[in-house]
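**Q** Listed below, chain by chain, are the residues.
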Amino acid sequence: KAGVTQTPRYLIKTRGQQVTLSCSPISGHRSVSWYQQTPGQGLQFLFEYFSETQRNKGNFPGRFSGRQFSNSRSEMNVSTLELGDSALYLCASSLVSGGTGGFYGYTFGSGTRLTVV
Amino acid sequence: AQTVTQSQPEMSVQEAETVTLSCTYDTSESDYYLFWYKQPPSRQMILVIRQEAYKQQNATENRFSVNFQKAAKSFSLKISDSQLGDAAMYFCAYYGGSQGNLIFGKGTKLSVKP
Numbered sequence: 001k002a003g004v005t006q007t008p009r010y011l012i013k014t015r016g017q018q019v020t021l022s023c024s025p026i027s028g029h030r031s032v033s034w035y036q037q038t039p040g041q042g043l044q045f046l047f048e049y050f051s052e053t054q055r056n057k058g059n060f061p062g063r064f065s066g067r068q069f070s071n072s073r074s075e076m077n078v079s080t081l082e083l084g085d086s087a088l089y090l091c092a093s094s095l096v097s098g099g100t101g102g103f104y105g106y107t108f109g110s111g112t113r114l115t116v117v
Numbered sequence: 001a002q003t004v005t006q007s008q009p010e011m012s013v014q015e016a017e018t019v020t021l022s023c024t025y026d027t028s029e030s031d032y033y034l035f036w037y038k039q040p041p042s043r044q045m046i047l048v049i050r051q052e053a054y055k056q057q058n059a060t061e062n063r064f065s066v067n068f069q070k071a072a073k074s075f076s077l078k079i080s081d082s083q084l085g086d087a088a089m090y091f092c093a094y095y096g097g098s099q100g101n102l103i104f105g106k107g108t109k110l111s112v113k114p
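Those protein sequence lines, which keep their order, are chains X and V. Going by the working numbering, the residue at position 22 of the first sequence is 22; the numbering climbs one at a time, nothing skipped. Going by the working numbering, the residue at position 86 of the second sequence is 86; the numbering climbs one at a time, nothing skipped.
The hints are simulated quantities; they were obtained by calculation from the structure and are not laboratory data. Any given hint might turn out to be false.
Stated by the list, open to error - Quick list of in silico lysine-lysine cross-link-like pairs, DSBU-like style, CA-CA up to 35 Å: (1) X:Lys57 <-> V:Lys78; (2) V:Lys109 <-> V:Lys70; (3) V:Lys113 <-> V:Lys78; (4) V:Lys106 <-> V:Lys55; (5) V:Lys78 <-> X:Lys13; (6) V:Lys113 <-> V:Lys73; (7) V:Lys55 <-> X:Lys13; (8) V:Lys73 <-> X:Lys57; (9) V:Lys106 <-> X:Lys57; (10) V:Lys55 <-> V:Lys109; (11) V:Lys109 <-> V:Lys73; (12) X:Lys57 <-> V:Lys55; (13) V:Lys73 <-> V:Lys106; (14) V:Lys113 <-> V:Lys70; (15) X:Lys57 <-> V:Lys109; (16) V:Lys70 <-> V:Lys55; (17) X:Lys57 <-> X:Lys13; (18) V:Lys106 <-> V:Lys70; (19) X:Lys57 <-> V:Lys70.
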């Protein structure tokens with residue numbers, strides 16, 4: 001069973017550019033979440049999608065956006081990149097979203113390392 | 001708002017020995033889940049163990065076990081018979097239905113000495 005796949009693994013962008021990161025969840029998982037990981041702030045929640053709908057959103061500016069497709073694949077986009085956006089972006093998928101039916105945790109991908117110069 | 005605190009930025013253990021990583025959390029919810037994730041240098045977060053708040057029994061997964069104290073809001077991870085492959089960052093995480101996302105602690109870097 002394939003895990004969560006994130007592409008690309010590494011990315012270098014210039015300030016002001018935009019970037020799109022991709023995530024393919026485990027087959028059958030309908031919930032996809034995105035997290036930003038930095039040495040200073042740790043792991044911070046960006047947003048969660050379930051059945052193509054954004055269910056939850058973290059405290060990030062509007063430059064950060066995402067979407068989910070009918071096959072549950074998800075993309076996140078960051079526009080007008082800033083140096084502070086340099087981070088490891090982790091995607092995670094799970095079978096269910098929310099408390100009903102239990103929650104068995106997320107399966108994470110290996111992340112995309114974004115460097116903004 | 002819910003918070004998760006890991007008070008040990010770094011820990012070290014001798015191979016084959018036992019080590020305990022601490023985690024405390026704050027919440028007003030009664031129904032939630034707690035997790036320990038491991039992140040090796042490969043960057044992928046790996047689920048180590050899961051605990052449901054309404055279950056009194058502490059979760060166990062092979063050499064990994066937790067001490068869940070709901071009243072004290074404490075959730076420590078015990079690693080027995082430590083192996084070199086256990087060296088990694090360990091994150092404690094909280095999941096409650098009201099916010100629908102994982103809240104992570106800052107992590108504990110575990111080193112294993114041969």
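**Q** Do the alpha carbons of Lys57 (chain X) and Lys13 (chain X) lie within 35 Å of each other, as the hint requires?
**A** Status holds; Cα separation ~25 Å.
**Q** For Lys55 (chain V) and Lys13 (chain X), compute the direct alpha-carbon distance and say whether it is at most 35 Å.
**A** Violated. Lys55 (chain V) to Lys13 (chain X) sits at ~47 Å, over the 35 Å cutoff.
**Q** Taking only the CA atoms, is the gap from Lys57 (chain X) to Lys55 (chain V) under or equal to 35 Å?
**A** Answer holds: Lys57 (chain X) to Lys55 (chain V) is near 29 Å, not above 35 Å.
**Q** Below or equal to 35 Å on CA atoms is what counts here, so check Lys109 (chain V) against Lys73 (chain V).
**A** 22 Å, holds
**Q** For a C-alpha distance cap of 35 Å, please report whether Lys70 (chain V) and Lys55 (chain V) respect it.
**A** Holds, at about 10 Å.
**Q** Taken at face value, is the distance from the CA of Lys57 (chain X) to the CA of Lys106 (chain V) at most 35 Å?
**A** 20 Å, holds
**Q** Take a quick look at whether Lys109 (chain V) and Lys70 (chain V) sit within 35 Å of each other, Cα to Cα.
**A** Measuring from Cα to Cα gives roughly 25 Å; hence the hint holds.
**Q** Does Lys73 (chain V) pair with Lys57 (chain X) here, judged by a C-alpha cut-off of 35 Å?
**A** 26 Å, holds
**Q** Within a Cα-Cα threshold of 35 Å, do Lys57 (chain X) and Lys109 (chain V) meet the stated pairing?
**A** Holds: Lys57 (chain X) and Lys109 (chain V) sit about 29 Å apart, inside 35 Å.
**Q** Would you mind confirming whether the straight-line C-alpha gap from Lys57 (chain X) to Lys78 (chain V) stays at or under 35 Å?
**A** Measuring from Cα to Cα gives roughly 33 Å; hence the hint holds.
**Q** Is the straight-line distance between the alpha-carbon of Lys106 (chain V) and that of Lys55 (chain V) 35 Å or less?
**A** 26 Å, holds
**Q** When you check the alpha-carbon spacing of Lys113 (chain V) and Lys78 (chain V), does it fall within 35 Å?
**A** Measuring from Cα to Cα gives roughly 17 Å; hence the hint holds.
The earlier numbered hints that this structure contradicts are 5 and 7.
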